[in-house]
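First to last, the protein sequences are chains G and S.
With my numbering, you'll find the first sequence wraps up at 311, consecutive numbering, no jumps.
With my numbering, you'll find the second sequence wraps up at 311, consecutive numbering, no jumps.
Certain hints may be false.
Under 7 Å between C-beta atoms, here's a sample of chain S residues computed to sit facing chain G [unchecked claim]:
no.	residue
1	Arg126
2	Glu136
3	Leu284
Residues of chain G placed beyond 10 Å of chain S at every Cβ, according to the derived structure [stated by the list, open to error]:
no.	residue
4	Phe86
5	Leu130
6	Leu137
7	Thr155
8	Ile226
9	Thr257
10	Val262
11	Ser264
Here are the simulated DSS-like cross-link-like pairs (lysine-lysine), alpha carbons at most 27 Å apart as the crow flies [as the list claims (entries may be wrong)]:
no.	chain 1	residue 1	chain 2	residue 2
12	S	Lys303	G	Lys146
13	S	Lys243	G	Lys219
14	S	Lys188	S	Lys173
15	G	Lys219	S	Lys165
16	G	Lys220	S	Lys220
17	S	Lys165	S	Lys91
18	G	Lys220	S	Lys219
19	S	Lys282	S	Lys261
20	G	Lys293	G	Lys243
21	S	Lys237	G	Lys219
22	S	Lys92	S	Lys220
23	S	Lys261	S	Lys146
24	S	Lys96	G	Lys146
25	S	Lys84	S	Lys146
26	S	Lys146	S	Lys173
27	S	Lys91	S	Lys261
28	S	Lys282	S	Lys165
29	S	Lys146	S	Lys165
30	S	Lys219	S	Lys243
31	G	Lys96	S	Lys146
32	G	Lys237	G	Lys220
33	G	Lys261	G	Lys243
34	G	Lys92	G	Lys165
35	S	Lys188	S	Lys272
For the record, the hints were derived by calculation from the structure and aren't laboratory data.
By construction, the Cβ of each residue, glycine as well, lies at the ideal position given by its N, Cα and C atoms.
Number of protein chains: 2
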Amino acid sequence: MEKDFSPLQKKLGIKFNNPELLENAFVHRSYLNEHPSFHLPQNERLEFLGDAVLELVVTEELYAKYPNPEGELTNWRAALVNSKMLSAVAGKIQFEDLLYLSRGEQKDTGKARQFILANTMEALIGAIYLDQGWDSAKKFIHEYIISELPNVLAKKLYMDPKSNFQEQAQEKTGITPSYKVMSESGPDHDKIFVVGIYLGKDLIATGEGSSKQEAQESAAQKGLEVQGWI
Amino acid sequence: MEKDFSPLQKKLGIKFNNPELLENAFVHRSYLNEHPSFHLPQNERLEFLGDAVLELVVTEELYAKYPNPEGELTNWRAALVNSKMLSAVAGKIQFEDLLYLSRGEQKDTGKARQFILANTMEALIGAIYLDQGWDSAKKFIHEYIISELPNVLAKKLYMDPKSNFQEQAQEKTGITPSYKVMSESGPDHDKIFVVGIYLGKDLIATGEGSSKQEAQESAAQKGLEVQGWI
Chain G
82 MEKDFSPLQK
92 KLGIKFNNPE
102 LLENAFVHRS
112 YLNEHPSFHL
122 PQNERLEFLG
132 DAVLELVVTE
142 ELYAKYPNPE
152 GELTNWRAAL
162 VNSKMLSAVA
172 GKIQFEDLLY
182 LSRGEQKDTG
192 KARQFILANT
202 MEALIGAIYL
212 DQGWDSAKKF
222 IHEYIISELP
232 NVLAKKLYMD
242 PKSNFQEQAQ
252 EKTGITPSYK
262 VMSESGPDHD
272 KIFVVGIYLG
282 KDLIATGEGS
292 SKQEAQESAA
302 QKGLEVQGWI
Chain S
82 MEKDFSPLQK
92 KLGIKFNNPE
102 LLENAFVHRS
112 YLNEHPSFHL
122 PQNERLEFLG
132 DAVLELVVTE
142 ELYAKYPNPE
152 GELTNWRAAL
162 VNSKMLSAVA
172 GKIQFEDLLY
182 LSRGEQKDTG
192 KARQFILANT
202 MEALIGAIYL
212 DQGWDSAKKF
222 IHEYIISELP
232 NVLAKKLYMD
242 PKSNFQEQAQ
252 EKTGITPSYK
262 VMSESGPDHD
272 KIFVVGIYLG
282 KDLIATGEGS
292 SKQEAQESAA
302 QKGLEVQGWI
């Protein structure tokens, strides 16, 4: 199966000197199990490189533009480069069809796909850096990733949902939220918890998870949505 | 207390355009507690920047020079940039006297000092990068850190001591090492374990630690030294 990388190059405004580098960024290791004689290796070495390029570009931008303490900048950076954000950016670029995946991985569209998309984003950054240099990689990262920073800051995406809900609840209502387990079901190895998040006696939202912590986080996330705090 | 940074600049072969940036790299936050009106902030923002510069320089070098899988390169990189290595490099540069530390931190010369030295190394890299640019930071990192790579590879410093001992034992003696707890003393919250590492029935070395795992690691480390495998 031949894939056409010209539309992607056009979209990114980058003409690769070595188009195989670009193609290489999209080769997941699962594909090589089924196609051992494929002409390109898996993309993990490019991902290793791209991850470090991404980190420095984002770090430099945060350092230069914000006087905040290092701890805050670290949290903001994490929110910009985590797999959730990178897979969302991959979704905007719409390069999913270009992935070289095994048949099994093609079917999986959950968390596993999210990680593959995020890793491919890093490999793509590595390929741009190698083929086009620092300035071009920096431009790409600014256009697609650092552009998300205002959104990260406005929605406090750098905070976990429980801390975010608590901070906003205290600020806006003066009440500290509390959590209650509403039900617990399933066998020991496959429990499902349902937890409610409360402000005083008011149930704001419920969340489900395979641990209490996970259910609390889900409840806090839904609570943020219900309250219009996100 | 005024400190003289000229000898350090001479040693590094770098004349800073803004010498306060260099000085800033040496200001530990503990010092500002005792000297709140000091003219420079703590070094943690520089450390945040320098850490990312260090990571990219090392990553790029490993990517370009070694065809190994990404997992191996990740381990090698970790061995080059961990606090043990960075504090050892700080020891070679001999900049310890330039640290701005609280009186309490001045007395502590154990693990806490090791972390402070390592973080100061990163802050120093951040200062060089800001003041002198990428090429100068890269040159510094090559001269003082990447130069340690042959040693890391020869002594397998990228492996934890237990894995390293096991691999070499199997290669050189055909025997898989085993561990035995030789004594356990002290109250629950402050236990001391002594563990022996054996090849067959031969006791090779013993190690101490506050957990079995820690004592095993210490025994393996001493075992590597006793056997001349490091």
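Consistency of the hints with the structure:
Hint status for Arg126 (chain S) relative to chain G: holds, with the closest Cβ pair at about 5 Å, below 7 Å. A hinted interface residue such as Glu136 (chain S) counts as satisfied when its beta carbon comes closer than 7 Å to some beta carbon of chain G; here the least separation is about 5 Å, so the hint holds. Given the 7 Å rule on beta carbons, the hint for Leu284 (chain S) is violated: about 41 Å separates it from the nearest Cβ of chain G. The claim that Phe86 (chain G) lies off the interface holds: its Cβ sits roughly 22 Å from the closest Cβ of chain S, which is beyond the 10 Å cut-off.
A cut-off of 10 Å between C-beta atoms contradicts the statement that Leu130 (chain G) is not in contact with chain S; the least separation is 5 Å. Not every C-beta of chain S lies more than 10 Å from that of Leu137 (chain G), the closest at about 4 Å, which undercuts listing it as non-interface. Thr155 (chain G), annotated as away from the interface, has a beta carbon of chain S within 10 Å; the closest lies near 7 Å. No beta-carbon of chain S comes within 10 Å of the beta-carbon of Ile226 (chain G); the shortest separation is about 14 Å.
Thr257 (chain G), annotated as away from the interface, keeps every beta carbon of chain S farther than 10 Å; the closest lies near 30 Å. No beta-carbon of chain S is positioned within 10 Å of the beta-carbon of Val262 (chain G); the least distance is around 31 Å. Chain S leaves Ser264 (chain G) outside its interface by the beta-carbon criterion, the shortest separation being 37 Å against a cut-off of 10 Å. Straight-line distance between C-alpha atoms of Lys303 (chain S) and Lys146 (chain G) comes to about 48 Å, which puts the hinted pair past the 27 Å bound.
With a CA separation close to 41 Å, the supplied pair Lys243 (chain S) and Lys219 (chain G) exceeds the 27 Å bound. With a C-alpha separation of about 21 Å, the suggested pairing of Lys188 (chain S) with Lys173 (chain S) holds against the 27 Å cut-off. A threshold of 27 Å between alpha carbons decides the hint, and for Lys219 (chain G) with Lys165 (chain S) the separation of about 32 Å lies outside it, so the pair is violated. A C-alpha spacing of about 25 Å is found between Lys220 (chain G) and Lys220 (chain S), which places the hinted pair at or below 27 Å, so the restraint holds.
For the hint pairing Lys165 (chain S) with Lys91 (chain S), the CA-to-CA distance comes to about 25 Å; that is within 27 Å, so the pair holds. Using a Cα cut-off of 27 Å, the hinted pair Lys220 (chain G) and Lys219 (chain S) holds, with the two alpha carbons roughly 22 Å apart. Simply put, Lys282 (chain S) and Lys261 (chain S) have alpha-carbon atoms about 11 Å apart, close enough for the 27 Å limit, and the pair holds. Simply put, Lys293 (chain G) and Lys243 (chain G) have alpha-carbon atoms about 13 Å apart, close enough for the 27 Å limit, and the pair holds.
Proximity of Lys237 (chain S) to Lys219 (chain G) is assessed by CA-CA distance (about 35 Å); at most 27 Å being required, the pair is judged violated. This hinted pair checks out: Lys92 (chain S) and Lys220 (chain S) have alpha carbons roughly 14 Å apart, not beyond 27 Å. A C-alpha spacing of about 42 Å is found between Lys261 (chain S) and Lys146 (chain S), which places the hinted pair above 27 Å, so the restraint is violated. Straight-line distance between C-alpha atoms of Lys96 (chain S) and Lys146 (chain G) comes to about 26 Å, which keeps the hinted pair within the 27 Å bound.
Proposed proximity of Lys84 (chain S) and Lys146 (chain S) is contradicted: the alpha carbons are some 40 Å apart, above 27 Å. Using a Cα cut-off of 27 Å, the hinted pair Lys146 (chain S) and Lys173 (chain S) holds, with the two alpha carbons roughly 26 Å apart. Distance check on the hinted pair: Lys91 (chain S) and Lys261 (chain S) sit about 52 Å apart at the alpha-carbon level, beyond 27 Å; violated. Of the pairs offered as hints, the one joining Lys282 (chain S) and Lys165 (chain S) is violated, with about 33 Å between alpha carbons and a cut-off of 27 Å exceeded.
Distance restraint check for Lys146 (chain S) and Lys165 (chain S): the Cα-Cα separation of roughly 24 Å lies within the 27 Å cut-off, and the hinted pair is therefore satisfied. Under the criterion of a C-alpha separation no larger than 27 Å, the hint pairing Lys219 (chain S) with Lys243 (chain S) is inconsistent with the structure, at around 33 Å. Between the alpha carbons of Lys96 (chain G) and Lys146 (chain S) the distance comes to roughly 26 Å, so the proposed pair stays at or under 27 Å and holds. At most 27 Å may separate the alpha-carbon atoms for a hinted pair to count; Lys237 (chain G) and Lys220 (chain G) meet this at roughly 25 Å.
At roughly 14 Å between alpha-carbon atoms, Lys261 (chain G) and Lys243 (chain G) fall within 27 Å of each other, so this suggested pair holds. Annotation: proposed proximity of Lys92 (chain G) to Lys165 (chain G) holds, straight-line Cα distance about 22 Å (limit 27 Å). Note on Lys188 (chain S) and Lys272 (chain S): the hinted pairing holds, with a Cα-Cα distance of about 26 Å set against a maximum of 27 Å.
Comparing the model with each numbered hint stated earlier shows that hints 3, 5, 6, 7, 12, 13, 15, 21, 23, 25, 27, 28 and 30 do not hold.
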